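Protein chains: 4
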Amino acid sequence: MTTLIAICDFLAKEFPQSPCLVEAIGPQSATVRYQVDTQSLRPGGTVSGPVLMTTADVGLYAAILGEIGIVALAVTTNLNINFLRKPSAGKDIIGECKLIKVGRRLIIGEVALYSEGDDRMVAHAVGTYAIPS
Amino acid sequence: MTTLIAICDFLAKEFPQSPCLVEAIGPQSATVRYQVDTQSLRPGGTVSGPVLMTTADVGLYAAILGEIGIVALAVTTNLNINFLRKPSAGKDIIGECKLIKVGRRLIIGEVALYSEGDDRMVAHAVGTYAIPS
Amino acid sequence: MTTLIAICDFLAKEFPQSPCLVEAIGPQSATVRYQVDTQSLRPGGTVSGPVLMTTADVGLYAAILGEIGIVALAVTTNLNINFLRKPSAGKDIIGECKLIKVGRRLIIGEVALYSEGDDRMVAHAVGTYAIPS
Amino acid sequence: MTTLIAICDFLAKEFPQSPCLVEAIGPQSATVRYQVDTQSLRPGGTVSGPVLMTTADVGLYAAILGEIGIVALAVTTNLNINFLRKPSAGKDIIGECKLIKVGRRLIIGEVALYSEGDDRMVAHAVGTYAIPS
Numbered sequence: 000m001t002t003l004i005a006i007c008d009f010l011a012k013e014f015p016q017s018p019c020l021v022e023a024i025g026p027q028s029a030t031v032r033y034q035v036d037t038q039s040l041r042p043g044g045t046v047s048g049p050v051l052m053t054t055a056d057v058g059l060y061a062a063i064l065g066e067i068g069i070v071a072l073a074v075t076t077n078l079n080i081n082f083l084r085k086p087s088a089g090k091d092i093i094g095e096c097k098l099i100k101v102g103r104r105l106i107i108g109e110v111a112l113y114s115e116g117d118d119r120m121v122a123h124a125v126g127t128y129a130i131p132s
Numbered sequence: 000m001t002t003l004i005a006i007c008d009f010l011a012k013e014f015p016q017s018p019c020l021v022e023a024i025g026p027q028s029a030t031v032r033y034q035v036d037t038q039s040l041r042p043g044g045t046v047s048g049p050v051l052m053t054t055a056d057v058g059l060y061a062a063i064l065g066e067i068g069i070v071a072l073a074v075t076t077n078l079n080i081n082f083l084r085k086p087s088a089g090k091d092i093i094g095e096c097k098l099i100k101v102g103r104r105l106i107i108g109e110v111a112l113y114s115e116g117d118d119r120m121v122a123h124a125v126g127t128y129a130i131p132s
Numbered sequence: 000m001t002t003l004i005a006i007c008d009f010l011a012k013e014f015p016q017s018p019c020l021v022e023a024i025g026p027q028s029a030t031v032r033y034q035v036d037t038q039s040l041r042p043g044g045t046v047s048g049p050v051l052m053t054t055a056d057v058g059l060y061a062a063i064l065g066e067i068g069i070v071a072l073a074v075t076t077n078l079n080i081n082f083l084r085k086p087s088a089g090k091d092i093i094g095e096c097k098l099i100k101v102g103r104r105l106i107i108g109e110v111a112l113y114s115e116g117d118d119r120m121v122a123h124a125v126g127t128y129a130i131p132s
Numbered sequence: 000m001t002t003l004i005a006i007c008d009f010l011a012k013e014f015p016q017s018p019c020l021v022e023a024i025g026p027q028s029a030t031v032r033y034q035v036d037t038q039s040l041r042p043g044g045t046v047s048g049p050v051l052m053t054t055a056d057v058g059l060y061a062a063i064l065g066e067i068g069i070v071a072l073a074v075t076t077n078l079n080i081n082f083l084r085k086p087s088a089g090k091d092i093i094g095e096c097k098l099i100k101v102g103r104r105l106i107i108g109e110v111a112l113y114s115e116g117d118d119r120m121v122a123h124a125v126g127t128y129a130i131p132s
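Just so you know, the sequences run in chain order U, R, F and B.
Anchor point for the first sequence: position 41 equals 40 in numbering that gives the first Met the number 0, and the numbering is continuous, going up by one each time.
Anchor point for the second sequence: position 125 equals 124 in numbering that gives the first Met the number 0, and the numbering is continuous, going up by one each time.
Anchor point for the third sequence: position 31 equals 30 in numbering that gives the first Met the number 0, and the numbering is continuous, going up by one each time.
Anchor point for the fourth sequence: position 33 equals 32 in numbering that gives the first Met the number 0, and the numbering is continuous, going up by one each time.
Bear in mind the hints are in silico, worked out from the structure with no lab data behind them.
All values reported here derive from a predicted model rather than from experimental measurement.
One should not assume that every hint holds.
Put simply, identical chains are the same to the list, so a pair is met inside one copy or across any two.
Only pairs whose alpha carbons sit at most 16 angstroms apart, straight line, appear in this in silico EDC-like list of lysine to aspartate or glutamate [stated by the list, open to error]:
no., residue 1, residue 2
1, 12, 117
2, 90, 36
3, 100, 118
4, 85, 66
5, 97, 36
6, 90, 8
7, 85, 117
8, 100, 117
9, 100, 13
10, 97, 13
11, 12, 66
12, 12, 95
13, 12, 115
14, 97, 66
15, 97, 117
16, 85, 22
17, 100, 36
18, 90, 13
19, 90, 117
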């Protein structure tokens with residue numbers, strides 16, 4: 000398993016402007032945090048859909064790096080997201096990611112997204128990643 | 000919560016030819032079994048995709064009946080399914096369903112599908128159901 | 000491009016009990032028909048969700064066979080379907096399929112589903128297929 | 000049908016920092032442009048996944064505003080996106096959106112995404128929006 004530090008270093012180089020941080024890497028899993036600022040908000044005081052989609056995508060990418068190492072370049076081929084509840088405006092978004100299939104060519108994982116400190120899921124995503132041969 | 004017996008009676012009337020049985024109903028959850036026979040098999044000895052989709056759909060429907068009662072007529076509006084591994088030909092399909100949002104108008108749930116006796120998920124589905132007003 | 004006759008022969012051997020017929024094969028496209036009988040109906044007089052999913056899956060499979068030949072064994076990895084309107088009980092389901100990406104390893108296509116003789120889409124599906132190397 | 004100017008004014012107030020412009024509104028359809036800048040790029044010189052998802056979401060939202068007027072507040076409930084080809088780094092992303100169901104409570108549409116000037120689809124999305132009663 001790749002270390003958390005190696006993954007954070009890699010992502011910081013790949014996505015230098017990203018407000019999305021990897022907080023933990025486990026076996027076929029990762030936890031990520033999107034630091035919500037005023038740019039991520041929509042009128043009415045909620046976090047935008049693209050912020051949730053980004054968190055899901057980065058989180059699954061981090062879980063894959065943890066599993067297969069930072070050399071491979073996984074490419075998202077499908078993302079399906081259901082928006083369940085309005086996230087809180089003032090809270091970071093936390094993504095709990097776990098891989099449900101690690102194949103040689105395709106890796107599939109799911110993500111539960113929360114507003115920090117609230118255990119009701121705000122969105123749920125499933126993503127597929129192709130691994131180059 | 001509606002009882003298992005009431006749900007089985009209702010489904011037996013709604014879908015008289017269905018080979019899909021409800022085995023358990025819990026809080027926002029259900030377990031279903033698709034009795035695999037030769038009709039459900041594909042050459043090469045595996046269970047067909049439509050069998051897995053049917054199990055996911057019936058399982059989520061059962062979990063919804065358990066939650067909101069058998070009077071309401073939920074309608075599937077979206078189903079997204081990922082096929083992860085080849086199911087075993089000689090085994091029933093088991094679907095473990097849980098609802099992740101129960102709204103007044105939309106209910107969303109996810110399903111993990113297995114070949115009986117094997118703990119590696121063969122497919123994963125997420126479905127949305129509209130509840131008539 | 001593989002001929003319609005070769006594809007029908009192949010599918011008849013692969014899925015001998017299937018009520019789903021291939022009606023036309025074109026460049027990266029196919030038209031299929033699901034012959035609706037009493038087994039495919041639900042109380043209230045409508046065609047079941049699994050019938051629509053099956054039609055989408057078979058239709059995309061046929062379009063892929065037309066494109067890459069009948070030797071390869073494509074495997075469905077993802078199917079996402081939206082149910083838009085109640086299909087008519089007494090009408091066959093027609094699926095108009097077109098491939099939107101033909102890669103070496105993944106093929107993706109979309110399907111518009113209709114009740115025969117009615118131009119309002121009853122369902123829309125997008126599917127991904129993995130091609131073995 | 001709501002006019003293009005009214006929709007642009009509304010979106011400019013709702014999403015003041017958005018780099019996504021509405022270029023045309025038609026019957027149950029819209030065309031949008033995401034102005035790609037260095038922030039939207041990933042190492043390797045391609046447009047990021049979240050940019051494509053944002054374009055799909057904004058485009059469907061614009062098509063819905065065109066159809067039902069700018070007073071209603073549609074909420075995205077599901078977005079499914081397939082990434083088909085690497086978009087060109089130096090080109091804007093164009094989204095061609097059309098609604099496939101306009102119901103009282105749910106509106107569903109699909110989006111074909113392109114790099115400007117290239118007719119090969121780079122991504123395809125389907126989204127569902129709930130309309131408040």
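Here is how each hint holds up against the structure:
no.	hint	verdict
1	12 / 117	neither (31 angstroms within a copy, 30 angstroms between copies)
2	90 / 36	within (9 angstroms within a copy, 28 angstroms between copies)
3	100 / 118	between (25 angstroms within a copy, 12 angstroms between copies)
4	85 / 66	neither (32 angstroms within a copy, 22 angstroms between copies)
5	97 / 36	neither (26 angstroms within a copy, 32 angstroms between copies)
6	90 / 8	neither (25 angstroms within a copy, 29 angstroms between copies)
7	85 / 117	within (12 angstroms within a copy, 37 angstroms between copies)
8	100 / 117	between (28 angstroms within a copy, 15 angstroms between copies)
9	100 / 13	neither (25 angstroms within a copy, 27 angstroms between copies)
10	97 / 13	neither (22 angstroms within a copy, 34 angstroms between copies)
11	12 / 66	neither (19 angstroms within a copy, 40 angstroms between copies)
12	12 / 95	neither (23 angstroms within a copy, 33 angstroms between copies)
13	12 / 115	neither (26 angstroms within a copy, 28 angstroms between copies)
14	97 / 66	within (11 angstroms within a copy, 27 angstroms between copies)
15	97 / 117	neither (19 angstroms within a copy, 19 angstroms between copies)
16	85 / 22	neither (23 angstroms within a copy, 29 angstroms between copies)
17	100 / 36	neither (34 angstroms within a copy, 27 angstroms between copies)
18	90 / 13	neither (25 angstroms within a copy, 20 angstroms between copies)
19	90 / 117	within (9 angstroms within a copy, 40 angstroms between copies)
Violation of the numbered hints given earlier is confined to hints 1, 4, 5, 6, 9, 10, 11, 12, 13, 15, 16, 17, 18; the remaining hints are satisfied by the structure.
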